[in-house]
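In case you want the letters, here they are:
2 protein chains.
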Amino acid sequence: MALVVQKYGGSSVQDADRIKRVAERIVRTHKEGNDVVVVVSAMGDTTDELLDLAEQVSPAPPPREMDMLLTAGERISNALVAMAISALGANAISFTGSQAGMITTAKHGDARIVQVTPHRLRKALDEGNIVLVAGFQGVSQDSKDITTLGRGGSDTTAVALAAALEADVCEIYTDVDGIFSADPRIVADARLVSDITYEEMLEMAASGAKVLHLRAVEYARRYQVPLRVRSSYNEKPGSLVTGSIEEIPVEDAIITGVAHDRSEAKITVVGVPDTPGMAARIFRTVADAEINIDMVLQNVSRSGEGQTDITFTLPRTDAPRAVAALRSGQAEIGFGDLLADGNVGKVSLVGAGMRNHPGVTATFCEALSAVGINIETMNTSEIRISVICREEQLDDAVRALHAAFELGGDELAVVHAGTGR
Amino acid sequence: MALVVQKYGGSSVQDADRIKRVAERIVRTHKEGNDVVVVVSAMGDTTDELLDLAEQVSPAPPPREMDMLLTAGERISNALVAMAISALGANAISFTGSQAGMITTAKHGDARIVQVTPHRLRKALDEGNIVLVAGFQGVSQDSKDITTLGRGGSDTTAVALAAALEADVCEIYTDVDGIFSADPRIVADARLVSDITYEEMLEMAASGAKVLHLRAVEYARRYQVPLRVRSSYNEKPGSLVTGSIEEIPVEDAIITGVAHDRSEAKITVVGVPDTPGMAARIFRTVADAEINIDMVLQNVSRSGEGQTDITFTLPRTDAPRAVAALRSGQAEIGFGDLLADGNVGKVSLVGAGMRNHPGVTATFCEALSAVGINIETMNTSEIRISVICREEQLDDAVRALHAAFELGGDELAVVHAGTGR
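So the protein sequences, as listed, match chains E and S. For the first sequence, UniProt numbering begins at 1 and goes up steadily by one. For the second sequence, UniProt numbering begins at 1 and goes up steadily by one.
Honestly, the hints are just simulated from the structure, not real lab data. A few of these clues could be false.
Identical copies go unnamed one by one, so any copy, or any two together, can satisfy a pair.
As the list claims (entries may be wrong) - With a straight-line Cα cutoff of 20 angstroms, these simulated EDC-like cross-link-like pairs (lysine to aspartate or glutamate) come out:
1) K31 <-> D48
2) K123 <-> D145
3) K20 <-> D145
4) K236 <-> E382
5) K144 <-> D341
6) K123 <-> D168
Note that the structure is predicted; figures quoted are calculated from it, not measured.
Make a model of the complete structure from these sequences and hints.
Following this line, the structure appears as structure tokens:
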């Protein structure tokens, strides 16, 4: 008997009808002889409606109360799915994050999972129940208050439960068929990726692919939880995230896909004195404003000038605050100027096969050049190449790379041996 | 410094605007130097909407899941009120029934309060917070599951907290100005009753007055919690429920009001053998069908026949089930026939002054007779007279009694001394 954890997002349970469809799938999985634990997000627009109500009564709601409010959404959807399952003749019981043993830090709105103690779930499963757990929430070990887990919270709940219960698989149900070699809305012949390693999925998620949250993938990788991403609207098996790039033979030239991101902005701090500690001051200033930085580029200083430029990317919505923070520290840090640009897009190629396969970088640059795209910044990891270009050229860049690495259709893309990297 | 418990019903918090008005009143009470604990029902139609969703996904939702679902409503409203209070500059913190120490029996949908351990509330109050508590819910001492308290649950929550915290008063806010000498929609000159004893209020509630739930009044009486019923739409002081009829001088001839009830039906079991145990069998049969009986009448058996008739009233919606249960037991119990009548209304006169004041019953019957109303059954207690009449005559009966006992206007009704009872 296997233990399966399933997670259903808000659109999968947006109304009574969808809830009944989800219940049918869950019962089917159970009838196949599996223990089933299900994590359900709040129905459709519920979270937004609650946020709207909160905004109507208060301009700055206390975080603790915001968590009390928002967690009602998951409570509702989980109870309804449990009811729908019961109506099909199976036994189901729903639990809050607290009841499920989801212990977290105290930071309301962005709590981190500290420990999962699923005794009550185990007992309910042993008694023959299908178990529902409200996602996105837990209880603070310090204050005993209810907390919400921030971005990717429901996916992470599912993975954390799968890890704690040593599940055979964690299935993330969504409204697309799985992970694609590129966004199917941009690339007509984007191919479903059946298998992808944890590291490649991390890079895809970090590079803009929205199907799985980075956080959930990292948790899965750390605890070796196999993750399956599939559609709640059909029976297709979707994509399986498991395994490490270490297990992929070095000779295999796998390129997995192209990710894109239009949510960033680029800031260049011009004329930074090329002395120790300057970069640190710049990044500390931005970090103190609670802004996360993505790519960083610092090139060698132009000889003789004793100055260098530092470029970094960050969420576009945070750019004004970052600029303000840096400007107020300009005299102290001593840089010359600040350039902020929101009209950028990031495109990334991800694949285990990049390691030890010369020529990928060249093919990458040639593909973009051939369609007239200028590379503004470039940044690489062992299995990823990312560049920043003009936002309006982003879709073209995705298509050009996808074609250049032959990611379309049914064939796995292979880098031609012999080309220098 | 006084401790005030306030309870606001669903219509008082039906939207963001009403929530803000309620928050203002709460903060005002707090600024007057009081500790304030507030119990809030779910917003307006929330409970009905959740029940509707439940019905859409399941014909017979498991009671445990129904409680998980419905309690989300109170969680939402309490968090929003806490947010609105914070926006006004005061500190507020909301608690679930479980967090507030509301320990109950395990019966989902109709749990009884076993114990209230408000340590967390006391601590929050001592730290200067206004405390919000979700009404209508608690946690089962046995199963550790969330429970809902059934009818009158939110009023009872408020009274139970007031008792446990030794509050100076428990204020029940509603959409009418207080308790009236009769339903103002039926009697044009119905008067607000400023003060009423626990026993009289119990009789009024049991006789159909809907402003306060019987259960909450009984809890208040047992723990001597002063109850104030007032409007959330104005500043009128409303009605204070406190004290016992024992404290009212026997000479005072107070008649408090007229209550009416159109939710009952009348069943007569005809030709019951007049031997020991027959009545018991009839009531056991009805009780086994989980039906509550209100008034019971058994008159002496007609001489020589060895038979008697037993009449009782019950909720109209339960009548078909009661008839079915009795018919299936007819051969065993051995009665002759069953008469069921749903077209009845119950009208009751309530007042401490009935004791030791002869003539009340006569005045009562004369008033009804004068407007052509036939009394079908009559039933009395120390401070109440109730009769069953045709439903279509009920409003006339209320008006006739209200006038006969001079309950209208500004004067307290006084029974004329010297009239025989």
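Exercise. Looking at the structure, which of the earlier hints fail to hold?
Worked result: 1, 3, 4 and 5
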